[in-house]
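Residue numbers (the working numbering), protein chains in the order written: chain A, 25 to 440; chain B, 25 to 440.
Partner residues are not named here, just some residues of chain A that face chain B (Cβ under 8 Å, in silico):
no.	residue
1	LEU40
2	ARG386
3	LYS399
Bear in mind the hints are in silico, worked out from the structure with no lab data behind them.
In this text the structure is predicted, and so the values were computed from the model without any measurement.
Think of the CB as a built atom: it goes at the ideal place given N, C-alpha and C, for glycine as much as any other residue.
Number of protein chains: 2
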Amino acid sequence: MTDFIEIAKSAKEASLKIASLSEDVKNRALNAIADAIEANKAKIFDANKVDLTQAEPLVASGEISKSVYNRLKLDENKMRDMIAGVREIAKLADPVNKKLFVRELDEGLTLYKVSCPIGVLGIIFEARPDVISQISSLAIKSSNAVILKGGKETTNTNREILSVINSALAKVDGFPENVVQQVFSRDDVAEMLKCDGYINLIIPRGGNSLVKFIKENTKIPVLGHADGICHIFVDESADLITAQKIIVDAKTQYPSACNSVETLLIHESFAKKDELLASLQLEEIKLVANPDSWAFEYGDKILSFKTVGSVDEAIEHINKYGSGHTDCIITKDVNNAEIFMNNVDSAGVYFNASTRFADGFRYGFGAEVGISTNKTHARGPVGLEGLTIYKYKLIGQGHIVADYVEGRKQFHHKDL
Amino acid sequence: MTDFIEIAKSAKEASLKIASLSEDVKNRALNAIADAIEANKAKIFDANKVDLTQAEPLVASGEISKSVYNRLKLDENKMRDMIAGVREIAKLADPVNKKLFVRELDEGLTLYKVSCPIGVLGIIFEARPDVISQISSLAIKSSNAVILKGGKETTNTNREILSVINSALAKVDGFPENVVQQVFSRDDVAEMLKCDGYINLIIPRGGNSLVKFIKENTKIPVLGHADGICHIFVDESADLITAQKIIVDAKTQYPSACNSVETLLIHESFAKKDELLASLQLEEIKLVANPDSWAFEYGDKILSFKTVGSVDEAIEHINKYGSGHTDCIITKDVNNAEIFMNNVDSAGVYFNASTRFADGFRYGFGAEVGISTNKTHARGPVGLEGLTIYKYKLIGQGHIVADYVEGRKQFHHKDL
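Use the sequences and the hints to build the structure in full.
Okay, here's the thing in structure tokens:
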């Protein structure tokens, strides 16, 4: 049995050591991981086969869906993406030790705001074993320690991948121990969620019941989103072709993605409503006019729809039923677009573009930690920056506060 | 009896309205508040007198300390500071609607990262009624709605101040209702802490038992700090006079402040240790060599002290017992200072400067929301920026993801 607190303590110690590691050592570590996965592909595939063999009867009995089974399965393509993903993260700019500002408070007294790691990340993920190399690499690049807990269906694969990673890290000169650790049991998850003394951020990667469970059961900040109830509002002045193209893309390009559209709102004065709905049905999109709930994520080619009287009514509907993920207005009226983007309280507010663009790679972040619907820390697609915070370095020459309180000296606050 | 959920819902609605309010309306609202407090001083003093009269027997019986009583009490100086504080906040730059970056993802497809309010703030404060005007103003300036819960000892004062504020706001053209609300009971606090569907951030203003209680009892993000266990490490090469000056300032300038020093660590090879300790005792600082706990906040002219063998041992002690608030090294060795600042995991890491500088005004933020020891969102002294998050606006011309996935188009990610 693992003693979770000991693991958490060692992760905390590791986080203090990796915090000041040079970019060079971190990048050597990442490339060593990529090389090691490449060199140990066969072992990883073997472990994955054991998991798949155990999963097969569960698929047959219906306990595991075919799509979950596909996510458990590693193949050459996924393996290549895993390895390439680690190498890409090595190439990104170091997100820590960046000077966010430098301000001279007074002569000889200078304040530096410097980005730094958060500390210890707790990652709870389902099904996809390729998450391990990705999240471990993001953690290393951002100088955080990490404790991973994967789905039980891929225990053998997860164990093998982490063993490959840690064997590689052990050979990297100057790289501290215990930066990447893994736990396996349900009890460990319960311990992790209680462990706010050692774990600074929880990142769930999985379906919305997992994310909801985690958010309900921890006081540790959680980075992620439970629901993706995205909306498209077709305004009175919308161009029919633009509306068709965007809705079809947002609903059918990858229906189970969190940034797919679930609800279509149409302005009652939009003249081509019938044509639009007919064209969507031709694309095999099923339209539901009276859904049981306006906050339901279909994950399929199904779309709730409703007629609204104004852009304000659309905004009100979205702020009431949406999940604060990504919502779009299709219009030719720039003024309405401004009103929509300023008043819809979502991470992404789009004007004439598909909701499917809500993604860290598409935003140009180079890597994606996840998509957040939080209102603090990080919102929307989160890149490496979301795994950092900052500290203030103040460098003086014996400066004391009494001099300023008693009027002998005055701050001049010059940004340098 | 107040129905807390109704208040929270109306705050949420108000937050959606104030989110897009112009800077001009917000500043007119702030100046109207300042004018109204000025014009209604007498009424506020009268209400405060009622509270003070009720508090007097509690002081006599020892239930309330004299220093708490002083904090309850409004006088002309505090009133002037309150009014000036509101006017100062009006003069600060608007923290919302700032373009944090603009990136062309592809021709005609442009991503804007724009600062915006968090939503609804819950403020729980003790004793000092002057917090109301300050926090209300910070909330308005940053376009957030706020629900305040003050200490029961100043119920009459709090009620009067908020009534003055809301009468003033009601007369400001275009300013929405219910932006600033107040609750009074213990039950309301319990409800507030559970209300994660409507409240986005809790800010406690008070002693560490209040802050600890709140952090233990809510899943809503809490901005603040419970303890201020600040350290000063006097390195082998430290200058005696610099060390004396800084330690005396950090311990005696305002001993009950959270950024006062509590523990002194001295390098065993620092030659002038005895002289330093003797000089501190001359300043009436009581030195404790074997404290019951290394994580105790004296709030008085008392200082734990310990000899350590190296800068690494000092860092280890601080990371183990500190509260991540503000810690200082006094040294002539720039290399040791770098090691200290990079490895101490605190919001403020100082080199030859008093820990008392940890303060939003001294950092040049213009206003201080509080000091945070969190590892996400905001850390250290927090200015108006800490009451904001951001949203992504994406403006396209009918752009769809399928074009990029299927290779017909490619992102070029140009920062503008």
